[in-house]
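Chemist: One letter stands for each residue in the lines below.
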Amino acid sequence: MATHFKIDGLKAEIEGKEILKGLSLEIKGGEIHAIMGPNGTGKSTLASALMGHPKYEVTDGSVELNGEDVLEMAVDERARAGLFLAMQYPSEIAGVTNSDFLRSAINARREEGNEISLIKFIRQMEGKMKELEMNPEFAHRYLNEGFSGGEKKRNEILQMLLLDPSIVILDEIDSGLDIDALKIVANGVNTMRSEDRGFLIITHYQRLLNYIKPDFVHVMMQGRIVKSGGPELAERLENEGYDWVKEELGIVDETVGQEA
Amino acid sequence: MTTQTILPIDRETLAALSQNNNEPAWLSALRLEALELAGQLELPIVEKQKISRWNLDTYGTYTKSPAIQSVNELPESLQSLVKLEENSSVLVQRNSSVVFQQLSAELAAKGVIFTDLQTAIEKHADLVQKYLFQAVKKDENRLAALHTAIWNGGVFVYVPKNVEVDLPLQAVLMADDANATFAPHVLLIADSNSRVTYVDNYLSTDAIGVDQVVHNGVVEVFVNAGANVRFASVHHLNATNVTYRRAVVENDGRIEWIIGEMHNGNAVSETMSVLKGNGSSSDMKVICTGTNDQKLSITTKAVHFGKSSDSQMFTRAVMRDQASAIINGITKIEKGATKANGEQTEKVLMLSPKARGDANPILLIDEDDVTAGHAASVGQVNPEQVYYLMSRGISKQDAERLIIHGFLAPVISEIPLENVQDQLRSLTERKLGQ
Ligand SMILES: Nc1ncnc2c1ncn2[C@@H]1O[C@H](COP(=O)(O)OP(=O)(O)O)[C@@H](O)[C@H]1O
Ligand SMILES: [Mg+2]
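Respectively, the protein sequence lines represent chains D and X.
Under the working numbering, the first residue of the first sequence is numbered -13, with each subsequent residue one higher.
Under the working numbering, the first residue of the second sequence is numbered 355, with each subsequent residue one higher.
Hints are computed from structural coordinates only; laboratory data are not their basis.
Bear in mind that the values here come from a model prediction, so they are computed numbers and not experimental data.
Errors might be hidden in some of the hints.
Pairs of lysine to aspartate or glutamate, EDC-like flavour, derived with a Cα cap of 20 Å [to be verified]: (1) Lys750/X - Glu63/D; (2) Lys750/X - Glu58/D; (3) Lys41/D - Glu754/X; (4) Lys750/X - Glu101/D; (5) Lys750/X - Glu43/D; (6) Lys41/D - Glu738/X; (7) Lys750/X - Asp86/D; (8) Lys750/X - Glu97/D; (9) Lys750/X - Glu78/D; (10) Lys138/D - Glu738/X; (11) Lys138/D - Asp166/D.
Not everything, but these chain X residues come out facing chain D in the computed CB check (under 10 Å) [claimed, not checked]: (12) Ser745; (13) Gly747; (14) Ser749.
For each residue, glycine too, the CB sits at the ideal point set by N, CA and C.
Model the full structure from these sequences, guided by the hints.
Modeler: Okay, structure coming up:
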């Protein structure tokens, strides 16, 4: 079935504070959507609410993946249904090696008794690590522990490559990356582009979009999408900043949730 | 305050038992003396656990189990714990007596002794008498006195000067009789510049009533100058467990303790290194798991007398349900132990809101020219970590399991014996897996 991801009127709060104020967006297989916006406008909140982070409470709206109600699913079920979120701040987990973690994640998608063989797994992992120019030693390191910002981002992309999701959300995957690393990560994403996979790329710089060409660009402010367009919108934001959007829409403070 | 202490055995019975076992006069006298002390001494002081309310009185009676010809005659759960090959050295105690022992011919030829303590007393009286109860003294408290009076079976290891033992010596000590006393005493002597690894397993079966029999055990290790002893011990008894382990380490000697306190019953354990010699060192790694309403007091302790002595202590405990653990780490540096260094870390992970864990690092330092450090933490499973793992499709249960294994990994992965590593992992799984 062709991938179809539909967010409709999504509202979410954290610690009783409403951050997402009715957000709608539709992503079809093959499409790349970019969400841009200054800091504090609710972009990570959107990503977390979609993935099901326990701190965020969805108070209204719906999210469907291929007709299935995502909001009814537990976090792990969402992942197995095809959702993948490369996090802005991935957790560090001491004592759990990257490779044990990755193998558990792959096996979680397979029937009991049909686990991936160790040899096949290692071959896959090492192949993808090579594509990302990761030092093979990272397979044996504890998960994200002591990784630099850039190494964590690469590790998120490694997971994306191995888990073969149908909807990929990348939250600030470009932050902390130098230009070479950015190209490698973008290349990883581009190799994953396919007719049955949709992308939602969250960033506040347009830099990444030079390497991953989006089909649609949305601007997020005050917890909702305030403007949508094509790639030319990203370019204008790059050249002129966000002020003209605010002016056009009469927004003074674009952030959300600061009010007491 | 005087309280009437009910002893598990009377004087006459103990004397008769000692005689029946053909014990020398000095040992009979020692047992009787200790029994009298047991009637007078108090229980040990155990911080924050009311051990006076525990079942500490049920000891059963001395019950000799028949010897066996092969490990195959043991319960299956136990067979996997020993690697019995032609050149391996294995000893099995069942309830009150040792039922199987094998020492590799190669080690025997080198003069290594590996036998039950009762046999050692017959055949190597001088050696045993010189060391027995010199590290853990009979008059320390009621439980130590009682152990001295009633100990049975037991393991004796002697490694002569300059002898290096490559394969680990293995012992299994098991209780499967609800009426039998189970009080093994382990005595290990590593003579100068020798090297040895010893691994044991204490376990009880699920047979009815076995969980009511107290295990009261003592381990004494003597590491002579330049010797190197690696002592690994995994306890998973269903009954109340009392264990005192102590090593005395001479100049440039080294003791490595690897301890798995994987009990199902209440437990008091103290593992201690007395760093007597200059340049002596001690490394302790302890993991501990608690479930249900278990109460645990787990202490690691290093006492430095020698100059430039070094101690490292590392304890990690995971508590579930209403289990409570008091984890003590004591680094004591005596005056004159210049350039000594002692470091300790205790960490407790709690899996349930009602679980309790106290980590108490204690530094007692009477010398200025030393370095010492400690770290302790008590925490719960981090929900961010669970979320992260689940966001990759891993179930909540598997996510928590990974995090628990990860918590214990820094201790388990350091264990130099692969089968002990595997065993600790599977015991953790069995105990903490929901
Ligand atoms: N853990 C949190 N606790 C309280 N408020 C939060 C938390 N996370 C985010 N917020 C609020 O939500 C707003 C939006 O944050 P976020 O979604 O991270 O924005 P962005 O990703 O666009 O920078 C923040 O300005 C803050 O007020
Ligand atoms: Mg953000």
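Chemist: Indicate, hint by hint, whether the structure satisfies it.
Modeler: Do the hints match the structure? See the list:
As the CA atoms of lysine 750/X and glutamate 63/D are separated by approximately 10 Å, the hinted pair is consistent with the 20 Å bound. Between lysine 750/X and glutamate 58/D, the direct Cα distance comes to roughly 16 Å. Compliance with the 20 Å bound is thereby established for this hinted pair. Between lysine 41/D and glutamate 754/X the CA atoms are separated by roughly 18 Å; this keeps the pair inside 20 Å, and the hint holds. The hinted pair formed by lysine 750/X and glutamate 101/D meets the criterion: a straight-line CA distance of about 18 Å does not exceed 20 Å.
The straight-line distance between the Cα atoms of lysine 750/X and glutamate 43/D is roughly 19 Å, inside the 20 Å bound, and the hint therefore holds. Our distance criterion of 20 Å between C-alpha atoms is met by lysine 41/D and glutamate 738/X, whose separation comes to about 9 Å. Between lysine 750/X and aspartate 86/D, the direct Cα distance comes to roughly 16 Å. Compliance with the 20 Å bound is thereby established for this hinted pair. For a cut-off of 20 Å, the pair hint linking lysine 750/X to glutamate 97/D stands: about 17 Å separates their Cα positions.
Distance hint between lysine 750/X and glutamate 78/D is fulfilled; the C-alpha atoms sit about 17 Å from each other, no more than 20 Å. Note on lysine 138/D and glutamate 738/X: the hinted pairing holds, with a Cα-Cα distance of about 16 Å set against a maximum of 20 Å. Simply put, lysine 138/D and aspartate 166/D have alpha-carbon atoms about 15 Å apart, close enough for the 20 Å limit, and the pair holds. With a least beta-carbon distance of about 5 Å to chain D, the hint placing serine 745/X at the interface is held under the 10 Å criterion.
Interface restraint check for glycine 747/X: the shortest CB-CB distance to chain D comes to about 4 Å, inside 10 Å, so the restraint holds. Given hint, serine 749/X at the interface with chain D, holds; its Cβ is 5 Å from that chain's nearest Cβ, closer than 10 Å.
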